[in-house]
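Asker: Each chain, written out:
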Amino acid sequence: MSLDLAEPRQATAPMTPEQPAIEIQGITHRYKTGRGEVLALKDINLSIAPGRFVGLVGPSGCGKSSLLMMMAGLVRPSEGKIDVRGAPITGPAPDRLGVVFQEASLLPWRTALENVAFPLKLRGVPRAEREARAEQLLHLVGLKGFENRHPHELSGGMKQRVAIARGFCQDPPVLLMDEPFAALDEQTRMTLGDELLRIWDQHRKTVVFVTHGLTEAVYLCDEVVVLSGRPGEVLARIEIDLPRPRTWEMMASEHFGRLREQIWSLIRRQS
Amino acid sequence: MRAQADRRVSLAQGAAVLAFFLLWEAASRSGLADARLLPPPSIVLPKVVELLADETFRRHLVITIQEMLLAGLIAAPLGIGIGLALAESPYLGRAFKPFFHFVAAVPKSVFLPVFILLFGIGFGQKVAFGVFQALFVLVIATSAAVAAVPEELLRLARANGATRRQIWVEIHWNAMLPLILEGLRLGMIFNIAGVIFAEMYVSRAGLGQRFSTWGESFRMPELFAGVLIAAGLSIIVNETLRALERRAGAWRTS
Numbered sequence: 001m002s003l004d005l006a007e008p009r010q011a012t013a014p015m016t017p018e019q020p021a022i023e024i025q026g027i028t029h030r031y032k033t034g035r036g037e038v039l040a041l042k043d044i045n046l047s048i049a050p051g052r053f054v055g056l057v058g059p060s061g062c063g064k065s066s067l068l069m070m071m072a073g074l075v076r077p078s079e080g081k082i083d084v085r086g087a088p089i090t091g092p093a094p095d096r097l098g099v100v101f102q103e104a105s106l107l108p109w110r111t112a113l114e115n116v117a118f119p120l121k122l123r124g125v126p127r128a129e130r131e132a133r134a135e136q137l138l139h140l141v142g143l144k145g146f147e148n149r150h151p152h153e154l155s156g157g158m159k160q161r162v163a164i165a166r167g168f169c170q171d172p173p174v175l176l177m178d179e180p181f182a183a184l185d186e187q188t189r190m191t192l193g194d195e196l197l198r199i200w201d202q203h204r205k206t207v208v209f210v211t212h213g214l215t216e217a218v219y220l221c222d223e224v225v226v227l228s229g230r231p232g233e234v235l236a237r238i239e240i241d242l243p244r245p246r247t248w249e250m251m252a253s254e255h256f257g258r259l260r261e262q263i264w265s266l267i268r269r270q271s
Numbered sequence: 001m002r003a004q005a006d007r008r009v010s011l012a013q014g015a016a017v018l019a020f021f022l023l024w025e026a027a028s029r030s031g032l033a034d035a036r037l038l039p040p041p042s043i044v045l046p047k048v049v050e051l052l053a054d055e056t057f058r059r060h061l062v063i064t065i066q067e068m069l070l071a072g073l074i075a076a077p078l079g080i081g082i083g084l085a086l087a088e089s090p091y092l093g094r095a096f097k098p099f100f101h102f103v104a105a106v107p108k109s110v111f112l113p114v115f116i117l118l119f120g121i122g123f124g125q126k127v128a129f130g131v132f133q134a135l136f137v138l139v140i141a142t143s144a145a146v147a148a149v150p151e152e153l154l155r156l157a158r159a160n161g162a163t164r165r166q167i168w169v170e171i172h173w174n175a176m177l178p179l180i181l182e183g184l185r186l187g188m189i190f191n192i193a194g195v196i197f198a199e200m201y202v203s204r205a206g207l208g209q210r211f212s213t214w215g216e217s218f219r220m221p222e223l224f225a226g227v228l229i230a231a232g233l234s235i236i237v238n239e240t241l242r243a244l245e246r247r248a249g250a251w252r253t254s
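Respectively, the protein sequence lines represent chains A and B.
Here the first sequence stands for residues 1 to 271, where the numbers follow the working numbering.
Here the second sequence stands for residues 1 to 254, where the numbers follow the working numbering.
Bear in mind the hints are in silico, worked out from the structure with no lab data behind them.
Remember, it's a predicted structure, so these values are computed and weren't measured experimentally.
Among the clues, some could well be false.
Just some of the chain A residues that point at chain B, by a computed CB distance under 8 Å [stated by the list, open to error]:
id	residue
1	Pro-59
2	Glu-103
3	Leu-107
4	Leu-214
We put the beta carbon where it would ideally sit given N, CA and C, even for glycine.
Build the full structure now, drawing on both the sequences and the hints.
Answerer: Have a look at this one:
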């Protein structure tokens, strides 16, 4: 594994340029509740090209988080299959997928540094090596000097930075983010969004970003996938053709507003 | 600032202890309390030193400590093991957890005659009764500790490909340890109470046996000195476990 963060990496394995980073084929998901069976997702087909920043939005309960958990190998779909970089997902695949959850999910008994290094520890990477890597990542997310703090000593935004650094820790080609900024205040959310773009710009990982925030979705993404209400189906894939790097001024532009409006009108009709 | 505040707290605590003994002394000397029933600390405290120097008394004390430690050593793995089993197996948990709550609610002393019939009146019976006293709170604390492991951390570990063993070592162990230590501490308090009570009820040796003998023969200075020693013993055990608990759970507070 390369420890050099300054050097952007595209792929760990040889792959053809046409091969999608994520290929979702015919995903249908049902689950049982006390009142019978619920059809949560219906025949989802999506192909995501490498290096794209893709948003996943939809009304509450449309199953967008479930879909992400399926990509992460944490939930098994009732039907269909998901390939990540050409190989099927049958369970957690931390070498291919980094996951950042809505709750920072930090181990409270470990320091920020140890939390970032945790995935590498699970893989048996020696302490010196994993902590050197974690230190670089903490600097990258702006937490230099906070290496030895415990989560209870960090603010909500700082915790989420640690969680993002941890998502990058194994240098996976694909990063799955489940409403990572939902629990943060508006200002912190905007700042962290910018930081995320800055890091992403250096590494160009494929990102799937589930969110409730439409402004956030338009601001961050190359493409926004809109899911319908239950059962979740792909309603539209909206290309966000704003230039990069994104700037805050763009949010005030007419084009930005139109894109946001387009997504909102699709979702509004659902609820 | 902080050190100064700490010193003031220590000062207040020292003053409270001093005041307690002074009031006790005054009550006893002034005739407010019958000095035959409540001997003043000026008699009781030297008695503590005298007892601790006395070889016969030390033998009784050591027996009680042995009973208590052995009961703790048996109760800890047993209680934690049962607690884990109840928490990890939905079937066992649903079937048997209520019984532990029921029995935990019953005063254990009512079972003492049964313990005498089963185990006699010697060392083994005291240990068995100590185990019985400690077990239920430990089982309940342990199964509560398992339930308190945050689901999000388990999910995080799984997403990063943790094995079952790694999930136990990295997540369960750390999350549960302070709660289990708390259960262990409460269990030990019950255990000490159980051992001493069993000794007071029927026995040939131990602190409790001394207490009931002294009580029956109106040897109040010895009785109060013994009580202070027993209190000291429980406080040492409790504070030791509390220190461990604080270290293991430093991440929980502050």
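Asker: Checking hints one by one. Is Glu-103/A an interface residue toward chain B, by the C-beta closer than 8 Å rule?
Answerer: holds, 5 Å
Asker: Quick check on Leu-107/A please, does its C-beta sit within 8 Å of some C-beta on chain B?
Answerer: holds, 6 Å
Asker: With 8 Å as the cut and Cβ atoms as the points, is Leu-214/A at the interface with chain B?
Answerer: This interface hint is violated because 26 Å lies over the 8 Å limit.
Asker: So, Pro-59/A near chain B? Judge it on the closest CB pair being under 8 Å.
Answerer: violated, 24 Å
Of the numbered hints stated above, those contradicted by the structure are hints 1 and 4, listed in ascending order.
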